[in-house]
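Residue numbers (our numbering), protein chains in the order written: chain G, 1 to 313; chain A, 1001 to 1312; chain L, 2001 to 2536.
FYI, nobody ran anything at the bench for these hints, they're computed from the structure.
Straight-line Cα separation of at most 30 Å, DSSO-like style, residue types lysine-lysine; simulated pairs:
1. L:K2507 / L:K2301
2. L:K2198 / L:K2137
3. G:K130 / L:K2066
4. L:K2005 / L:K2143
5. L:K2029 / L:K2063
6. L:K2063 / G:K130
Here are a few chain G residues that sit away from chain L, every Cβ distance over 10 Å (derived from the structure):
7. L25
8. A36
9. L208
Derived, one-sided and incomplete: chain L residues facing chain G with beta-carbon distance under 8 Å:
10. M2058
11. F2099
12. T2104
13. L2106
14. T2122
15. H2123
16. H2156
Glycine included, every Cβ here is placed at the ideal spot set by N, Cα and C.
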Amino acid sequence: MFDFIARRLVAIVPVLAVVAVFVFLMLRLTPGDPAAVIAGDNATSDQIADIREKLGLNQPIWQQFGIWIGNILQGNFGESFFFKKTVAELIAQRVEPTLALALCTLVFAVCLAVPIGVLAAYRQGSVFDKAVMAFSVLGFSVPGFVIGYCLIYIFAIELGWLPVQGYVRIGVDFGRFAERMVLPSLTLSVGFIALIARITRASVLEVLNEDYIRTARAKGLSNRVVLMRHALRNAAVPILTVIGLGIAILMGGAVVTESVFGLPGLGRLTVEAVLSRDFPTIQTVILLFSVVYVVINLLIDISYTLFDPRIRY
Amino acid sequence: MSAITPEDVVDSASIAAASTKRKPLWQLAIRNPNVIFGGVILLVMVAIAIFAPFLGTVDPTRIDPAARNKKPGTEITFRLEDGTTAKRTVLMGTDSLGRDVYSRVLYGTRVSLAVGVSVALCAIAIGVVIGLVSGYVRWADGIIMRIMDGLMAIPGILLAIALVSIWRAGLITVIFAIVVPDVPRVVRLVRSIVLTVREEPYVEGAISVGTPTWVLLFRHILPNTVAPLIVQGTFLAAAAILAEAALSFLGIGIPPEIPSWGNIMAEGRTLFRVFPHNILYPGIFLALTVLAINIMGDGLRDTLDPKMSKKV
Amino acid sequence: MADKKPVLEVRNLTVALPGGADRANAVQKVSFTVNSGEIVCLVGESGSGKSVIAFTVMGLLAKALKPTGGEILLEGENVLAASEERLRELRCTRMSMIFQEPMTALNPVMSCGEQIDEVLRTHTNLDNATRKAKIIKILSRVKLPEPERIYASYPHQLSGGQRQRIMIAMALVLDPVLLIADEPTTALDVTTQAEILKLIAELQETEGTGVLFITHDFGVVAEIAHKVAVLRWGELVEMGPTEQILSRPVAGYTRMLISSVPSIHPVHRGVRLEGKTVLRTEKLGKTYSGKSFFQKARVVKAAIDVDLDIRRGETLGIVGESGSGKSTVARCIARLIDPSEGKVYLGDTEIATMSASRLRPHRRKVQIVFQDPYRSMNPRITIGESIIEGPMNFGLPRDEALARARKLMETVRLDPNALDRYPHQFSGGQRQRICIARALAMEPELLIADEAVSALDVSVQKQVLELMSELQSEFGLTYLLISHNLAVVRQMSTAVGVLHNGVLVEKGPTDAIFDNPQADYTRMLLDAVPDISRVA
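Chain G on its own, in the form it takes in the complex (with noise of 0.2 Å):
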């Protein structure tokens, strides 16, 4: 079990290897002057030499990469001149409102997508499995901005039961914070409940034609306890896996969903960084964008384990 932890997670080392080339070669795809565009339009010589001798941007490029990635491996991801503060501090600042929107989604969707999917799998055919695959098309198709309007319109213009955009801590007044999570959350898991009800239902259906299911109905178990017991766990390993995959799909939702409920969150900040061409930012979000995607996807990878005992290697 240690082994297996301890090989998956040098496994992942190549993967974020390639993440930080990348986005360290971001910059230098850039037309221009690396230093000139960190600084921005308005910046001083002395200010971009500044920036020159920090970076090493005098040296050979593997040079610079070393120094970039050694401050990283730091903490230490720069500044930002346009926001005029360093990007730690920054992100810092803004990760409170895309936690709180991924995690209500994620708990709302799974909780609300799996049985679903069991349930669409289990009446395969019946008026209900055809209403979810046509949801399902459905939810793939209509982009979250335009599902995010509509809520605004019906349920905070219309009806006026919430507010129409904008965010309180958490900290600050619970009551407030959980209103505007609302409509945001609602308009994220569109898409990714499409997508697990999707998977559940496809995972489901393929293990009832597996032979243990018939050796299950040959025992004489009722078709509930074959679902529930046989049926549902032999499908969770599936179903985890598009989870995990689906987390990308939630990360760049959120970046069009904080822009539509005006969120101060990561996502935003991504807009307003390309939109002032604050490189340090873009590319420390990115990064950890990246990170915590492979870092979920490893631990989904890690609790295979839980659900199948053959995974043990």
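Assemble the complex: chain G is given as a structure, and chains A and L must be docked to it using the hints.
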């Protein structure tokens, strides 16, 4: 290595049925109701894109300060080039610069379809080449797959945002930025097919009669990737249209001079409470197009790639 | 077999196939009886409907198949009329079933004990301790070592034979009156098969259980059955006591089937020829290593120091059970995989270490026919294109290659005008003939048949084997015959090699190996072969 007994009557019966009734796959595909339904909607969209200038549109980039923020159905007076004025009903209203939303939405179809088609084609072209190399050239496989894993570790839309940020936004930049995150997905698909098929006895049979490698690849292996790639291609196109819309909506995609559904909506964001039509109409077109492609993709997958349709 | 009351009576059973199938009914008016303490074998080739009958009795038919007539009486109770709930009550208490694939029939994520326990929890009110004791008892009755450990193991930790024992334990834990066994040994090696057959016969004898045993293998029938029912295309051909059916079959079909079964007993294949050596291996070895940077190196030695030589015009048979490395050896010789050690001499040329480009001219000389007739030909190109591909690779003009292909189609007794058809338009046996034609088109010096007849029904198998013999005497072909079926090897080969865990444990002239085996493993293998002539 024990004997296989093709048991079960059902199996042999269905095998017999399949072999007598076997039709070319594309014939089955174009008879699938999902393919027909999605295909018809898509054809309408293509027609709109091609004939946009003849469908009662005006110049979609024309700014008219006198006709700002008109609701759908309003009659506006506008000045012609020769100085005379004329009246016209704006079907979908106008935006905050007085541009005609109806014309912008219709012209926007061009951008979306162009992005969808070119992203799918580019991603498949690049992915097939890399996937074949990876699946067939053993020493290259390790390196290529590590790079692909790395690219897949960056959430797709963020990778696209990162790429857009490197260059100034434009149609080509946006297409390229959406293609890059898709390439590893195509590579994985092609590689897995190559790895499976090259173990098939008929490929080994071809090797043992001295078939040269390139014939092996193009005659015996590559045809197996066509059906899955057509299916994957439709889904890539749908996702690409959504991605372009998202980037443009965020203001970092197609610049507003070229009307695209995403940037029409971006334009409409500030005054959404009063004038929701700026978001509603392009939203409907966008959702309808993507839905049509996805439904068609489902139908294609069921007919062309039944093994995969069991999975997802 | 004291008291012979019927436990299962099948009367005029008809099961309909869905529309569009090759016939209307999967099973057509079949009647038979299984008495307590009796083993009844349903035997037939693929598509005979024998498994459908078994699943109908259990009420486990796929929805597409519908019983449309007759009745099935389990101790007098018609199960066709029983409710779904009543059927569930009967399963595992009165009637139980074991399946063909022990590898997939158990739930991989539940321990074996839990899975048997589920039967007891569903059908009884016993407390935990009693249930556990009962399970341990049945596990030891099916002769599983260390029942306590087995109780806690997961299926993937057990061998195929052990898993089938778990299935038997599960089926018999509540002492049902009827056990249905659907090809329970087909997926097992011959030695394991012998043990499982012995176990079923023993348990059935002591408990007085009635057994309905489905098989395609007359050897198995001879080993185990009291009564035999022969099925063809869903209809009962003939039924009677085993001895009568095997030695004095009335129906022509039964006679044909029985005569198709290859016998383990001697036929005169002549002595080994003193011809020129076509192919020779020297300390041939193949090591598979799961060589991945991030994984534990898993090394499997699939073949170790294998020395073979094949002379012109003879057939060398290689026998072995699954995992013995026999296919690895074949594929090393054909250079479909690269040997890790040793040498392969084709005539005087060493080809084991030859580079791919230098190897190409030699590829022609060794051809191979594979096991699976459905995957051996590219489904997208016509069989004609498949056959001429090789000769054209070696520079034969297209029309000459086509002429050769037409001639070869006649040689393998197929219609030469069928060259423009696709593989899916042929049956399994026909495809194997086409594969042989494709191999012969290369005019090879050695033809490897890698389990080439294993996937075929016995009657078809016999035809293909006969064709191979005729071709050999006509053209002086040299065969390397790889098979798990000892009878096939005995009928076809002049010399035999026995492989076990990658090691060639014994080799020599066929008669010497079969009549006077030296290695213990060979003796064990020969003992395990079910033999139709034991009854006949």
